[in-house]
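Order-wise, the sequence lines are chains E and A.
For the first sequence, the positions run 1 to 414 when this note's numbering is used.
For the second sequence, the positions run 415 to 705 when this note's numbering is used.
These aren't lab readings, by the way, just hints derived from the structure by calculation.
We put the beta carbon where it would ideally sit given N, CA and C, even for glycine.
Hints are not guaranteed to be accurate.
Unchecked claim - If you want a taste of the chain E side facing chain A, the calculated C-beta under 7 angstroms gives, among others: (1) VAL375; (2) GLY412; (3) LEU413.
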Amino acid sequence: MTSSSTWFILSFAAVISMGGCQRSSPQRPKLRWYVFDEPSGAFERAAKRCSESSEDRYTIEVAPLPADADQQREQLVRRLAAGDSSIDIIGMDVIWTAELAEAGWILPWPEDLASKAREGRLSSIVDTASYEDELWAVPFTTNAQLLWYRADRVKEPPATWEQMIRMAEDLGDRGTIQAQGERYEGLTVFFISLLASAGGSVLGPDGDTVSLDEEPTRQALSIMQRLAKSPATDPSLATTREDQARLAFETGESTFMINYTFVWPSAKSNAPEVASHMRWARWPSVLEGKPSRVTVGGINLGVGAHTRHPGLAREAALCLASEHNQRLAATMGGLPPSTATLYDDPAVRETFPFADLLRETLRDAVHRPKTPLYVDVSLAISHTLHPMRDVEPAEDTERLRDAVQRALRSEGLL
Amino acid sequence: MSARRMAERRLAWLLCAPAATAMLLVTAYPMLYASWLSLFRYDLRFPDERQLVGLDNYVSVLTSEAWWQALFNTTLITLGSVSCELILGFVFALVMHRAVLGLRLVRTALLVPYGIITVVAAMSWRFAFDPTTGFVNALLGLEGAWLAERWSAFFIIIQTEIWKTTPFMGLLLLAGLTLVPVDLLRAARVDGANAVQRFFKVTLPLMRPVMLVALLFRTLDAFRIFDTVFVQTRGAQSTDTVSIVGYDALITRLNLGLGSAVSVLIFLCVLAIAALYVKGLGVDVADREAP
Numbered sequence: 001m002t003s004s005s006t007w008f009i010l011s012f013a014a015v016i017s018m019g020g021c022q023r024s025s026p027q028r029p030k031l032r033w034y035v036f037d038e039p040s041g042a043f044e045r046a047a048k049r050c051s052e053s054s055e056d057r058y059t060i061e062v063a064p065l066p067a068d069a070d071q072q073r074e075q076l077v078r079r080l081a082a083g084d085s086s087i088d089i090i091g092m093d094v095i096w097t098a099e100l101a102e103a104g105w106i107l108p109w110p111e112d113l114a115s116k117a118r119e120g121r122l123s124s125i126v127d128t129a130s131y132e133d134e135l136w137a138v139p140f141t142t143n144a145q146l147l148w149y150r151a152d153r154v155k156e157p158p159a160t161w162e163q164m165i166r167m168a169e170d171l172g173d174r175g176t177i178q179a180q181g182e183r184y185e186g187l188t189v190f191f192i193s194l195l196a197s198a199g200g201s202v203l204g205p206d207g208d209t210v211s212l213d214e215e216p217t218r219q220a221l222s223i224m225q226r227l228a229k230s231p232a233t234d235p236s237l238a239t240t241r242e243d244q245a246r247l248a249f250e251t252g253e254s255t256f257m258i259n260y261t262f263v264w265p266s267a268k269s270n271a272p273e274v275a276s277h278m279r280w281a282r283w284p285s286v287l288e289g290k291p292s293r294v295t296v297g298g299i300n301l302g303v304g305a306h307t308r309h310p311g312l313a314r315e316a317a318l319c320l321a322s323e324h325n326q327r328l329a330a331t332m333g334g335l336p337p338s339t340a341t342l343y344d345d346p347a348v349r350e351t352f353p354f355a356d357l358l359r360e361t362l363r364d365a366v367h368r369p370k371t372p373l374y375v376d377v378s379l380a381i382s383h384t385l386h387p388m389r390d391v392e393p394a395e396d397t398e399r400l401r402d403a404v405q406r407a408l409r410s411e412g413l414l
Numbered sequence: 415m416s417a418r419r420m421a422e423r424r425l426a427w428l429l430c431a432p433a434a435t436a437m438l439l440v441t442a443y444p445m446l447y448a449s450w451l452s453l454f455r456y457d458l459r460f461p462d463e464r465q466l467v468g469l470d471n472y473v474s475v476l477t478s479e480a481w482w483q484a485l486f487n488t489t490l491i492t493l494g495s496v497s498c499e500l501i502l503g504f505v506f507a508l509v510m511h512r513a514v515l516g517l518r519l520v521r522t523a524l525l526v527p528y529g530i531i532t533v534v535a536a537m538s539w540r541f542a543f544d545p546t547t548g549f550v551n552a553l554l555g556l557e558g559a560w561l562a563e564r565w566s567a568f569f570i571i572i573q574t575e576i577w578k579t580t581p582f583m584g585l586l587l588l589a590g591l592t593l594v595p596v597d598l599l600r601a602a603r604v605d606g607a608n609a610v611q612r613f614f615k616v617t618l619p620l621m622r623p624v625m626l627v628a629l630l631f632r633t634l635d636a637f638r639i640f641d642t643v644f645v646q647t648r649g650a651q652s653t654d655t656v657s658i659v660g661y662d663a664l665i666t667r668l669n670l671g672l673g674s675a676v677s678v679l680i681f682l683c684v685l686a687i688a689a690l691y692v693k694g695l696g697v698d699v700a701d702r703e704a705p
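If we strip away everything but chain A, and leave its shape as in the complex, we get (with noise of 0.2 angstroms):
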């Protein structure tokens, strides 16, 4: 390595810094003092009572019945929105890409919900399908209290997911969609492919790293999933998800190392799933040129 190169790559560091040290004070440090007060038994109320306990927590959370009921809805909600927001994601980032009249607004109108607080949107929908106070039974003549039942609690928080952030999916898919060169699109036709061929052999492709970025980015997102449910079930009707879980034994039962343990346990598993995606499928997170 030359001098010059060595400067430049201090100079790099430098710049970087104060970046690097406003992440390390406001991540890294919340996560390193969780992870050491998810050794003791620590209870908020009673401060003196502190114990270190090693993996006591640990071993309370994996045994229990409520942390694998739970990390299996939010499994489900995570599977269960992403899937549905990749496809309609793809639809709205063709009628974005595509439209020819009045592109300005076809693309506002669909970003709308995403503009809309989660909270705002999540009791909409609780009122919405509210037999009393709602549209929805009225509209298909049903009668009973959608949220008072676990699949069909299930059914709303997972389609208040996808209302809300199916625009996020069809922006980032857009951003992907105007990096396919139209000269290749043009060739692949004048080899005769149709458009159901072209979109599957040539755009598809060359969308795979963008794609999976926002697979990424979407999954981890559902899989921290909070407000949604806190606002339409509060976890009732065996609907809790893991941050659920973290809350109660955190924030309302002042539990500082059972609910340090449940957050470090969460980050564990967001941490596997980027792995899986970084690794298995070999998402570049870097964005840099695709071959």
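So here's chain E without its partners, still in its complex pose (with noise of 0.2 angstroms):
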């Protein structure tokens, strides 16, 4: 009964927690880490690494945010349009640069460092980490999604969406395509995705219109449609997340997934039987002969804007994206390199046994659109796309324009 005030002194208490251990020395400023809980302890060890290597300039403190990407972010707006001094590295999701950038919470990166920050980075990565021809964070991780499927029930993986409904539809039962359809961020990206791959955007170059042009827009939502309709898709569809897909996975009940890499090592662990027949290749192409464009994930190391210790920051986030730490990153946590060479890495190469793959298909990788407006736009493609059983194409095409319109000029519900 008393839950919304239980919330209440929760967060309040919360808050009160995370503020109270920020004071620092005047000789060693304590710089913290905003980031979210990375459970191999990944993290911690390159902020450790750093301050131990910074020679007594900066000790580098982790404050762990959720791991859901929405929650992060509502922890730290608020902070951050507070003034929040105590705010100095932020791992940012690549979907925030925009925002926070445009509200003046991060600060730009000078041009001597941001050409450090840049240099042997996939230029996709780079990207996501600009606006406005700035850069405002250094890439750290990444991600991208890849086609994971049962080698021992499809001999060749397929190569367009529709093969692959087609191919599980013949395989009965056990053909089950896992995918994500939950009404949230992920519905985005899926949409995203299948649209790049089709030669569509969301938004026209300025990101101030929109495009959603006819053509790829229609072929996107068929698919949406085709996939939700066919009795080879898993029923819970409509409430699945990348977690929920892969734990049906695991069960062997499945044959195609659209996942990110974490699947690999935890199919390993909790399901060696599934892992021995797992492979991966991919993500389908809308157009036949036209690889697909998926959508990039990962995060990028920004500067508060409030910060005290600006030019420690910046160096201290340099260093936490090293190729040792993004090393450690990948080998412990399982988290993608922003990199290009690391991908030639043994280690990382043991962890990814994939990694040819993955840095072919982030190079062809596309960004959510950069508009600072970007939650709402996000807001309103899920919000109208979802349950895809119900997606009309050619009606739910102006829908989308519709309620994209009205998302960019910040008004009325979604």
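Both chains are given apart, each in its own frame, so use the hints to dock them into the complex.
Written as structure tokens, this is what we have:
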């Protein structure tokens, strides 16, 4: 009954406890790194290593955020809006760049440091940290979806969505496809990957106008509809996120899955039998003969606008995102690196036997719309297209355009 | 009024003052501030573009499909859960009142769900109904994904609410039951009224004030439902409630103007419900001696 007040008290207590320990000695500034709570401890180790190598100039303290990106953002933006000076380094989801930059909550990188940050990194990933010709963060880890399939049931992986759905239907009961269809960011990601593979984009190049060209949008929506209505799709599609898809695939009852690379180490330890038959391929394409273009994920390290130590924070961010620490994040935490050459590193290749495919996928990857109103746009997309089984390609192309248009004008409820 | 009464009155006000001030600070101020914010076009991300727009935000909310849909959903959840809670609450209250053996055990057992945090309860039920990890489908021999369909999702949300808050209802009603004078029931019995007649003709009328207060509390609470829906569907499958709509606008989209307008509208709805109970049904919230 008093649940709302309980929530309030809890969050209040959390804020107090987080704010309580930010005092730092004048000699050795403490830099707080707000980042999602990485379970393997790779981030903690990176922070420790950088603090030690800083020759007593700074210590980095990890301030863990929730695992869910929406909730990370909710906690951060309120503090940023209030001008919290304890936010030194931010582990930013790639989609926040435009929003945080435009609101003046993060600092741009001066050109000399920016070129250091860009050095050797995959350009599609650098793109996620750039906004209006400036670099706002140093790319750290990245992510992209691949197609996972059972080699004992299909000989060759399907090249297109149409092929995959047909193959799955032919397999009968065990042909199940796992994808993400819940109403959340993952549904937007799915739509944008389909749309980009069909040659379209959500916004025009300026980022202020709706694009959503007729033909590619209709194609993307048709695939969504086809997938959701196919008997080969898991009946819980409308409530499935990445993790539910992984769990379902690990039971061995599914043949195809669209998911991020974390499913590989997970299957190896949870379901070795399934893992022994598990293979990977490029995300299926929409147009025959035209490779798919998937949405890039991951985190970049930005520097909070109200920090007392902007110079040190940038230096620390560069250190945290160094090749050594990217390797740590990859081998310990299974997070793909942003530096291209690391995909040839033996340790990384051992963690990601699909390293070449992943790098190739990342080279062609697309960024989600670059607009400070990205959250609004994403809500508009996921609310309009959920549940996928009710998508009507012709009608929904119009509805989608309307909804995105309203989101861009920040008008009305979505 | 005598001088003495005047002095007593003044003292009463003085004694109330700290509590009244605290209430003004923590409830009146945020409410007024929200009403003020709701008159602006104001995005937390772009504070410089803040602009007075009058009632535009209200027009925008009240003309949107999302708001009316959410209002319908909220009303549905409120009516569904509160009515079942009332009936089950009575059963609980009677059991707690009459239990002969292990009175303490019975009372404690019935109150357990109320002691569980709503988020935890909502998650437990979500997992229970999950087709992969849950036991419900296995138990019933079904295969559907409950939370993937609108009406079954409503069913789960409402039954979670019922499971969680019926004990509260039971507790309030139990308090009412203990107020029914035993003499009256005995007299009715002597007059030849059977158990059913005694319940409907004696117990129920005497409990009316307590019952209405319990209903008022629960309705107001149920109308503001947030956590169960947030955890179980996050408003998907068209199960958005008004609180979720407000949360999306205010917390996710950082649209302070629009979000505040939604909050103010929710507050007005709550006020209307309270007015309906107090004026329409004659609830005496101050709980003075019933006639």
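Hints, verified against the model:
no., hint, result
1, VAL375, "holds (6 angstroms)"
2, GLY412, "holds (5 angstroms)"
3, LEU413, "holds (4 angstroms)"
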